[in-house]
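**Student:** Single-letter residue listing:
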Amino acid sequence: MNVRGWLLGMAALPLAASSAPQVFDLDPAQTFVHFEVLHFDTSTLRGRVGPVRGEVMLDADAGRGRLGLVIDMRTLDTGFRLLDARLRQRDLFDVDDHPEAWFVAERFRFEQGQPVEVTGEFTLRGVSAPLTLRALRFGCVEATGTAPQRCGGDFEGEVQRSRFGASFGLPLVADRVRLLVQAEGLRRR
Amino acid sequence: MTRRPTLSVLLLLGAAAQAMAAPVDYQLTPTHSFVHFEWPHAGLSTLRGRFDKVAGRVTLDRAARSGHGEVQIRLDSINTGRPALDAALRQALGAEGEASAGYTIDRLRFEGDRPAAAQGRLAWRERELAIELRAERFNCYRNPLLRREVCGGDFTADLEPAALGLALDPSFGLGRPIRLRVQVEAIRQEAGE
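These protein sequences, in sequence, are chains D and G. The first sequence maps to residues 572 to 760 in this note's numbering. The second sequence maps to residues -11 to 181 in this note's numbering.
Calculated directly from the structure, the hints in this document are not laboratory data. Wrong hints could be hidden among the right ones.
[Stated by the list, open to error] Computed cross-link-like contacts, EDC-like style, restricted to lysine to aspartate or glutamate with a CA-CA straight-line distance of at most 16 Å:
(1) Lys41/G with Asp648/D
(2) Lys41/G with Asp655/D
(3) Lys41/G with Asp74/G
(4) Lys41/G with Glu84/G
[Unchecked claim] Negatives, chain G to chain D, calculated, CB over 10 Å:
(5) Asn67
(6) Glu120
(7) Arg125
(8) Asp146
Every residue, glycine too, gets a C-beta built ideally from N, C-alpha and C.
Pulled out of the complex, with its shape left as it was, chain G reads as follows (with noise of 0.2 Å):
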């Protein structure tokens, strides 16, 4: 005779599974989250360049493989090491004041119990592309000195200057792709934070 599951055990299974595929939210640590890309110069060698400023918060739910988020990085913090060439990047991006992209996560994909990419789109001044970035690595941890879980990892991308609308002068010698590698390290925040 086969047993119909009581209404009680039901409750219970629904409760446990919703606290398993409780949503959490992260926010991203300056120190350890960063836009770096890389540029080819004169068909030689890698140009290396990075935006320095980058904030936003990114929701989990590793139970139910989801995932989303808002990034923002600050124009004028880029920094090749090159003032010249900054200078040119800054008036190519339309960096004025603290104008910012948005990088806009409307989904996590992930394989086994890891993001293994971001899907999204990257908005500034009027301009927008979708990005994926691929996720060369994904960890969570437990960081001793903030006694908090960390998310992050290693993403990257393969862009085209024309889609930045980077049209720089050609004396600068950059060709294509620009190479995203993007580190990012996320600190989970309590309900209210």
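The shape of chain D in the complex, shown without the other chains (with noise of 0.2 Å):
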């Protein structure tokens, strides 16, 4: 799917009369996505990507909603250059030839008027599978002035590498990666 293409289509989505759906711009000052894996069965290595681009929409009185994120790769940052430097390799990130992660979903889960779910596809290294992000947070600061009205949270998943095809180091690094998303969007007006 052409992640661009779908975000510029997502400005031009038709207002149901019954409902009103909010688009929301991602802050890139408060958008990143942490990631921490188990080294060793010892000490949780962590790693930031970001700040992340793109846009959500919610309608929550319809109990849906759309997202589209693109995550630049080459922001990637342990804190440790070498280390940096070993993530982007190919059989890890594989950043030269993938520079971008995408997170695309359309199906939203809802309790009272918040979203608590997210599901649709991350794509990582070219490789596309589905991903959840639960939320564990949400919320939302009302527009102020001239700011706009402020909705975020935190949101997290779980992947497991081998199935990007991240594989270097299994099982002695783990498997199971897990995703610590920091969002917050400003609504569109």
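Mind docking these for me? Both chains are given alone in their own frames, and the hints should help you get the complex.
**Tutor:** Here's what the structure looks like:
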């Protein structure tokens, strides 16, 4: 799927008469993906990717939503350059050949008007697989003066890195990778 | 008739106990030692950052269930991925030149044969703060690349920004508390290293 084209198309979503879809642009200062993977069953290796760009449409009344995120894998940062260089190689994130990852989701579950779970397709290293992100918290800060409404929260998900072909170091560095997503969006007026 | 242990048996027992209780030094490895932190933002989400440059040594005596250590955290290595925030944090911390914060581990509290918490003092500039880091996991293993024993784990503590002297511009929207998530792995040092 061409993510950029899909994102542009979202702006043209028709407004249903019975509900009001709200479109948010992700705030690059507050939208990052962190990952955690267990190293030798001993300690948790963490890294960051982002800022993440994208937009989210929420229609709580209709119980639906859509989101599209573009993740620039060249921003990968663990805090140790040699490790970053290793992670960028072909048998891990393969950043030269696949500089972007995407998450596109159209299955939203709401509880009491708030998104609690989002399921979509995650593409990493050119491989696509289903991914579900669960909301650990979610909220909104109402618009004030010139500042638009801000909504966001923390989301977590899990992937098996071998599923995407990022297999170096298995099983000493675990297959299971926990994703921790900080995301905040500014409502488009 | 009860036999008294001979002197030689006592000496042997003493030597064995000493060998088991020998303290071992470990040096933190920069690839797997980071002080990460989580900081609530705008009441909505969690901002994550870390100190990239962490060094130090820990002495562990697993048989005697004790330990101590000294860890240095370079203040200017704070890294949230947001340059403006990093600059403000460096200023608030007084991160000039190669200034470091020192975390002195006075005591490792054991549960069973593993450290369950590090009790220590964080000192930087004119400040000092007692911090107990709780172990979420701890393990020792033989690293096949280094061909040495490595011990490490994940440790956590909740801190108040005010106790750290972090009075930031409210426009950054950062709340409380700050949760530290410390990853540490340390390589066994042979005598004299």
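**Student:** Evaluate each hint against the coordinates.
**Tutor:** Status of each hint after checking the structure:
In summary, the hint linking Lys41/G to Asp648/D is supported, as the alpha carbons are separated by about 13 Å, within the 16 Å threshold. Restraint check for Lys41/G and Asp655/D: satisfied, since their Cα atoms lie roughly 15 Å apart, inside the 16 Å limit. Straight-line distance between C-alpha atoms of Lys41/G and Asp74/G comes to about 15 Å, which keeps the hinted pair within the 16 Å bound. About 15 Å separates the Cα atoms of Lys41/G and Glu84/G, which keeps this hinted pair within 16 Å; it holds.
Its beta-carbon lying about 6 Å from the closest one in chain D, Asn67/G breaks the requirement of being farther than 10 Å from that chain. The Cβ of Glu120/G sits about 19 Å from the closest Cβ of chain D, beyond the 10 Å cut-off, so the non-interface label holds. Not every C-beta of chain D lies more than 10 Å from that of Arg125/G, the closest at about 7 Å, which undercuts listing it as non-interface. Distance to chain D confirms Asp146/G as a non-interface residue, since its nearest Cβ pair spans about 17 Å, more than 10 Å.
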